[in-house]
Amino acid sequence: MPFVRIDLGKQYSVAEAQTIGDIVYQAMTSSINVPADDKFQVITMHDENELIIPQNYLGIEYSRGIVFIQITLNEGRSVELKKKFYKSICEMVVEKLKIRSEDIFINLVEVSKENWSFGNGEMQYAPKV
Amino acid sequence: MPFVRIDLGKQYSVAEAQTIGDIVYQAMTSSINVPADDKFQVITMHDENELIIPQNYLGIEYSRGIVFIQITLNEGRSVELKKKFYKSICEMVVEKLKIRSEDIFINLVEVSKENWSFGNGEMQYAPKV
Amino acid sequence: MPFVRIDLGKQYSVAEAQTIGDIVYQAMTSSINVPADDKFQVITMHDENELIIPQNYLGIEYSRGIVFIQITLNEGRSVELKKKFYKSICEMVVEKLKIRSEDIFINLVEVSKENWSFGNGEMQYAPKV
Numbered sequence: 007m008p009f010v011r012i013d014l015g016k017q018y019s020v021a022e023a024q025t026i027g028d029i030v031y032q033a034m035t036s037s038i039n040v041p042a043d044d045k046f047q048v049i050t051m052h053d054e055n056e057l058i059i060p061q062n063y064l065g066i067e068y069s070r071g072i073v074f075i076q077i078t079l080n081e082g083r084s085v086e087l088k089k090k091f092y093k094s095i096c097e098m099v100v101e102k103l104k105i106r107s108e109d110i111f112i113n114l115v116e117v118s119k120e121n122w123s124f125g126n127g128e129m130q131y132a133p134k135v
Numbered sequence: 007m008p009f010v011r012i013d014l015g016k017q018y019s020v021a022e023a024q025t026i027g028d029i030v031y032q033a034m035t036s037s038i039n040v041p042a043d044d045k046f047q048v049i050t051m052h053d054e055n056e057l058i059i060p061q062n063y064l065g066i067e068y069s070r071g072i073v074f075i076q077i078t079l080n081e082g083r084s085v086e087l088k089k090k091f092y093k094s095i096c097e098m099v100v101e102k103l104k105i106r107s108e109d110i111f112i113n114l115v116e117v118s119k120e121n122w123s124f125g126n127g128e129m130q131y132a133p134k135v
Numbered sequence: 007m008p009f010v011r012i013d014l015g016k017q018y019s020v021a022e023a024q025t026i027g028d029i030v031y032q033a034m035t036s037s038i039n040v041p042a043d044d045k046f047q048v049i050t051m052h053d054e055n056e057l058i059i060p061q062n063y064l065g066i067e068y069s070r071g072i073v074f075i076q077i078t079l080n081e082g083r084s085v086e087l088k089k090k091f092y093k094s095i096c097e098m099v100v101e102k103l104k105i106r107s108e109d110i111f112i113n114l115v116e117v118s119k120e121n122w123s124f125g126n127g128e129m130q131y132a133p134k135v
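These protein sequence lines map, in sequence, to chains X, H and R. Position in the first sequence counted from 1, then plus 6, gives you my numbering. Position in the second sequence counted from 1, then plus 6, gives you my numbering. Position in the third sequence counted from 1, then plus 6, gives you my numbering.
Keep in mind the hints are simulated off the structure, nothing from the lab. Since the structure is predicted, the reported quantities are computational estimates derived from the model, not experimental observations. Worth double-checking, as some hints may not be accurate.
[Unchecked claim] Below, in silico cross-link-like pairs of lysine-lysine (DSS-like), each with a Cα-Cα straight-line distance of 25 Å or less:
id, chain 1, residue 1, chain 2, residue 2
1, X, 16, H, 16
2, X, 119, H, 93
3, H, 104, H, 119
4, X, 90, R, 93
5, H, 134, R, 93
6, H, 119, R, 90
7, X, 93, R, 119
8, X, 93, R, 134
9, H, 119, R, 119
10, R, 119, X, 89
[To be verified] Chain X regions said to be covered by chain R (calculated; three or more residues, Cβ under 8 Å):
id, segment
11, 93-107
12, 117-129
[Unchecked claim] Computed from the model, here is a short list of chain X residues facing chain R with C-beta under 8 Å:
id, residue
13, 53
14, 74
15, 112
16, 113
The beta carbon of each residue, even a glycine, is placed where N, CA and C say it ideally should be.
Produce the complete structure using the sequences and hints provided.
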């Protein structure tokens with residue numbers, strides 16, 4: 007159910023972008039109770055000048071290696087779970103891909119359970135009556 | 007007011023993507039009370055490896071023909087209307103384009119009426135005071 | 007914290023798209039109390055036929071010069087601030103880039119403060135306990 011958009015620069019390879027996607031998926035299953043195989047992601051590669059960042063925000067310095075991760079998911083996860091989720095993504099991306107931890111930007115958009123159709127025109131998460 | 011993002015692989019033509027857009031628009035007007043001519047859509051064509059799907063989720067098998075449809079719209083449609091909307095999109099896409107019904111992924115993001123400007127810097131859906 | 011997606015046609019240059027981004031940022035700081043340097047934006051350039059618009063909606067006539075601006079930001083701005091924000095973006099874009107005011111489409115998606123990580127895997131806007 008989380009639908010993940012990953013936007014990053016073309017200095018990365020699509021394989022690297024896929025690895026980021028794998029990590030986001032892994033963090034979802036381990037940190038915020040997303041079921042196995044619930045992995046729907048769209049990667050968009052950009053020219054460098056299509057990604058706009060400040061030099062510095064909240065004391066964090068950004069580089070051209072910025073990775074934008076925007077995740078639409080069901081509402082209701084606690085603040086604690088979300089914290090764990092951000093930390094988990096960041097640690098794994100830094101470890102596996104040597105991307106600067108400052109360059110991992112994450113944003114969640116929460117929706118209600120009825121807002122998904124995973125195929126066949128059905129509302130798979132329909133509320134029980 | 008619905009703002010529709012359609013992300014799909016380059017094995018499709020832009021004309022096919024536009025037909026999907028036409029169908030989404032048609033389903034909006036017939037199923038969820040969207041007014042005529044309220045048709046704002048962005049198509050993004052992707053290399054095959056930029057679209058990440060599981061082999062199988064909830065018993066549904068996906069293929070490289072996946073079509074992601076993400077729709078931002080005003081909040082407040084009922085579960086029943088949304089069900090009808092998903093079904094309507096899926097049936098028409100399958101019929102007109104022979105896309106596998108399993109490959110139609112739909113996600114709704116709901117916002118409030120004041121969150122739109124349709125041009126001229128105005129808030130056309132401003133709440134009446 | 008606002009995360010801005012700008013989608014527009016390739017008849018524009020990336021420099022023009024960046025100018026639109028600069029204006030959106032400037033309007034955010036002057037109209038809706040966004041802090042300095044909080045500027046995170048993704049530009050996506052499209053082939054003309056990937057941007058779908060009606061000829062006319064709510065009496066507004068659109069052209070191929072349409073600019074889609076979708077902004078994810080924290081919830082809670084008043085209707086009045088949002089009105090000022092739309093107006094401010096539109097006026098500056100028209101003035102600086104001679105884009106038709108009818109072609110400035112803006113949509114806000116509101117999220118809660120805990121839904122952001124601006125780097126380092128931290129939740130910088132975590133609610134105070």
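Here is what the structure says about each hint:
no.	hint	result
1	X:16 <-> H:16	holds (18 Å)
2	X:119 <-> H:93	holds (17 Å)
3	H:104 <-> H:119	violated (36 Å)
4	X:90 <-> R:93	violated (39 Å)
5	H:134 <-> R:93	holds (18 Å)
6	H:119 <-> R:90	holds (16 Å)
7	X:93 <-> R:119	holds (17 Å)
8	X:93 <-> R:134	holds (18 Å)
9	H:119 <-> R:119	holds (21 Å)
10	R:119 <-> X:89	holds (12 Å)
11	93-107	holds (count 6)
12	117-129	violated (count 0)
13	53	holds (7 Å)
14	74	holds (6 Å)
15	112	holds (4 Å)
16	113	holds (5 Å)
In summary, the structure is inconsistent with hints 3, 4, 12 from the numbered list given earlier, while agreeing with the others.
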